[in-house]
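There are 2 protein chains.
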Amino acid sequence: MRQSQLFTKTRREAPKDEVAKNAQLLIRGGYVHKEMAGVYSLLPLGLRVFKKIEHIIREEMNAIGGQEMSFSVLQDDASWKATERWDSEEVSEIWFKTKLHGGTDLGLAFTHEEPITRAVANHVSSYKDLPFSAYHFQSKFRNELRAKSGIMRGREFVMKDLYSFSRTQEELDSFYEHAAEAYENVFKRVGIGSVTFKTFASGGVFSKFSHEYQTISDAGEDLIYIDRSQGIAINEEVLTDEVLNELGLVKDALETAKTIEVGNIFKLGTKFSEPLGLMYKDEAGKEQPVVMGSYGIGLGRLMGTVVEVLSDEKGIVWPESIAPFTYHIVDLSGGDETVKQRADDLYQAMTARGVDVLYDDRDARAGEKFADSDLLGIPYRIVVSAKNSDDALEVVRRSNGEVLSMSRDELLG
Amino acid sequence: MRQSQLFTKTRREAPKDEVAKNAQLLIRGGYVHKEMAGVYSLLPLGLRVFKKIEHIIREEMNAIGGQEMSFSVLQDDASWKATERWDSEEVSEIWFKTKLHGGTDLGLAFTHEEPITRAVANHVSSYKDLPFSAYHFQSKFRNELRAKSGIMRGREFVMKDLYSFSRTQEELDSFYEHAAEAYENVFKRVGIGSVTFKTFASGGVFSKFSHEYQTISDAGEDLIYIDRSQGIAINEEVLTDEVLNELGLVKDALETAKTIEVGNIFKLGTKFSEPLGLMYKDEAGKEQPVVMGSYGIGLGRLMGTVVEVLSDEKGIVWPESIAPFTYHIVDLSGGDETVKQRADDLYQAMTARGVDVLYDDRDARAGEKFADSDLLGIPYRIVVSAKNSDDALEVVRRSNGEVLSMSRDELLG
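Chains as they are written, first to last, in the working numbering: chain A, 3 to 415; chain B, 3 to 415.
One or more of the hints may lead you astray.
Copies of one chain are not kept apart here, so a pair can be met inside one copy or by any two copies together.
Here are the simulated PhoX-like cross-link-like pairs (lysine-lysine), alpha carbons at most 25 angstroms apart as the crow flies [unchecked claim]:
hint	residue 1	residue 2
1	288	23
2	53	142
3	283	260
4	342	130
5	389	53
6	260	210
7	101	83
8	150	260
9	288	53
10	389	371
11	283	273
12	130	53
13	101	316
14	283	11
15	200	283
16	99	83
17	273	371
Hints in this document: simulated from the structure, not taken from any laboratory. Computed from a predicted structure; not experimentally measured.
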């Protein structure tokens, strides 16, 4: 894309009320627009990143057999009353509620266990209909009291939530391990695998622990204890002597870190299937409740975490896998038509090959172009100027500043 | 996909309270789940259709230079008060509203002119920043008094809305014609081009008319007057003697039809840019308001219209372009392992070639399989049975029942 045609502009300052680094950088780069505290819209560059994250997650969910669907935001009270999550103390702070004409209360879903369990009950009757898993990407709404973490804790945010439906605990346990692997793949692929830990966290009636995926960052709100040699991490919330004994760990030998929760996986068991009547007939003809699991990743949370973890003082540093563009061609022709033509030609040739290229064809000073390029954080910057030729273009790697010399032919691969 | 693994099932009856044909068929086929009146969730088959419609619209919006983004559902009052659409009589019935802790009112967007105009104002200052257009696919919410048209009139529905930002009336007029062509392409590509008419409808302060795209259907809520020879249609709302004179038409010579509005395009002029401060400096340095247009298509409305228009007494008839799958292999082996193997092999070979195939590998009676296949409405049904061979497979075209004989090699192309 030609930067002269991209409608968004970079800006020097983020809004004064924005305290989160991720949102400051994303707003300054023209990736997102702040609607209000905790509510951000995605501008074209931001949507490109978001779609790449979505694509990676979709591939991993499909790889474990997940069937994609899309559930509604608006909720009636029926199924939520059945699970005591409509007006209980636990959730009354979280809901945004509204009303139909006539006064019926509706809620804006902050999660989707209830509607999905209810819908699935229409399609499951026999053990032959199980197991399976289904997921969606959907906006969730939470009436957060404070929303100061930028796109990492939104009042409106898109989450991928996967639900598994199994006949037995063993079947759930097996799927849970597959889901855990898929989650690890996601975090590796978006570039935070080395600083993200599968972490023991509080479970429920059905299992002692759930697992969170926690990414080390000063912007984190959680604290975890890590044993790197064994690859074990524990959320401080569940760190008791009993747990330490069970896992064979000594507290003093553990490393501590502030972390951001980027995903969680949870064995629900029959917590939702029983009250909502999601039953199946087993091989002996006996009615049994379906055994469920749920598996969530917040996409904005993940995008914000990547910015928190990988940015530097100059701006964002996107990993190639989710960068809005892979290459950033910067035309430094300064009015020299021959150089301009070389930059134009390179842009067109790379684009024709299907490479993601942003082309800074704007009539602006070199310093401004470089500052913008650093702020945007595209992995490779290609400088086209009178000082170089198509045999030896200057290619700068954003992550470490390494300067490579590559010919046009090498770039066109 | 193997039908035995698809978690949704067909059903004989739609819910009793469902009166719209589109929703009855889509629920029976397992395409959608009804959450409540006017609120439907998309099950895996429904999402496949929806994504194909979305892809077609995205291609056409990109082709006219539209930049994709994604704006929030939650709205504060500021920009809507500026345009008098927060609590005016005109819109007070439409809004769903909710509250932040502390009592601040928020609304759920029923359209996005205000937030998008406000956000764009951060990025436009000079005539050099114009013209451009930007669009998104987003859920909209309308507190409809009645919602009895299935997925055609939802309380929650996804709309693609495109906004254009121009310097002058002429620039807007020119873009408007491009948008109109893109819209015609969309309706052709989803299979309703021949029954969809660009229709004169009421305009605003800025232009005498807007244009609606109206599709002939008994399920329609609008009435239009058509002159097929000239390719002109007029919504009855604007059919006055003056309009007839202006367009050179005689009322008695016009055909009338009930229609569904599947899209609309509208010259907004400066209606939103002036109150929201979206200004630019022209070449003489003078501040001018940006001249806007808006262009909407409801995706559920469009999907429901295709069902209304193209279905028959046996079920849905999808056009190839938006069908959930192109081929439906029906295994009629009835326990014959050789036939079963032939069906399996064909499914695997077609899938390996990237063809969209649903494979009815279920252990069910032929009659049930055929009824389900007709209901689902996949364009081509391939019957694999002991009565045929891989040299002459039975291929039935869903739209007209035509029976073709094709070899396995022909199918694999």
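Hint-by-hint comparison with the structure:
1. With identical chains, the CA atoms of residue 288 and residue 23 are never at most 25 angstroms apart, being 55 angstroms at best within one copy and 37 angstroms at best between copies.
2. With identical chains, the CA atoms of residue 53 and residue 142 are at most 25 angstroms apart both within one copy (17 angstroms) and between copies (20 angstroms).
3. For the homomeric pair residue 283 and residue 260, neither the shortest alpha-carbon distance inside one copy (46 angstroms) nor that between copies (48 angstroms) is at most 25 angstroms.
4. Taking CA atoms no more than 25 angstroms apart as the test, residue 342 paired with residue 130 passes between copies only; the shortest distance there is 19 angstroms, against 65 angstroms inside one copy.
5. Within a single copy, residue 389 and residue 53 get their C-alpha atoms no closer than 37 angstroms, and across copies no closer than 48 angstroms, so neither meets the 25 angstroms cut-off.
6. For the homomeric pair residue 260 and residue 210, the shortest alpha-carbon distance inside one copy (23 angstroms) is at most 25 angstroms, but the shortest distance between copies (61 angstroms) is not.
7. In the homo-oligomer, the alpha carbons of residue 101 and residue 83 lie at most 25 angstroms apart both inside one protomer (17 angstroms) and across protomers (21 angstroms), since each shortest distance falls under that limit.
8. In this homomeric assembly, residue 150 and residue 260 come within 25 angstroms of each other (Cα to Cα) only inside a single copy, at 17 angstroms, whereas the closest approach across copies is 52 angstroms.
9. For a Cα distance limit of 25 angstroms, the shortest separation of residue 288 from residue 53 qualifies neither inside one copy, at 44 angstroms, nor across copies, at 39 angstroms.
10. Taking the shortest alpha-carbon separations for residue 389 and residue 371, only the intra-copy value of 17 angstroms comes in at or below 25 angstroms, while the best inter-copy value is 70 angstroms.
11. For the identical chains of this complex, residue 283 and residue 273 are intra-copy neighbours only, at 18 angstroms inside a copy versus 61 angstroms across copies, given an alpha-carbon limit of 25 angstroms.
12. Taking the shortest Cα distances, residue 130 and residue 53 never come within 25 angstroms of each other, neither inside one copy (35 angstroms) nor across copies (29 angstroms).
13. Taking the shortest alpha-carbon separations for residue 101 and residue 316, neither the intra-copy value of 47 angstroms nor the inter-copy value of 38 angstroms comes in at or below 25 angstroms.
14. Proximity of residue 283 and residue 11 under a CA criterion of 25 angstroms is satisfied inter-copy only: 16 angstroms between copies versus 59 angstroms inside one chain copy.
15. Proximity of residue 200 and residue 283 under a CA criterion of 25 angstroms is satisfied in neither setting, with 35 angstroms inside one chain copy and 54 angstroms between copies.
16. Taking the shortest alpha-carbon separations for residue 99 and residue 83, both the intra-copy value of 14 angstroms and the inter-copy value of 22 angstroms come in at or below 25 angstroms.
17. Proximity of residue 273 to residue 371 under the C-alpha cut-off of 25 angstroms is found in neither arrangement, the shortest distances being 55 angstroms within a copy and 35 angstroms between copies.
Checked against the numbered hints above, the structure breaks hints 1, 3, 5, 9, 12, 13, 15 and 17 and satisfies the rest.
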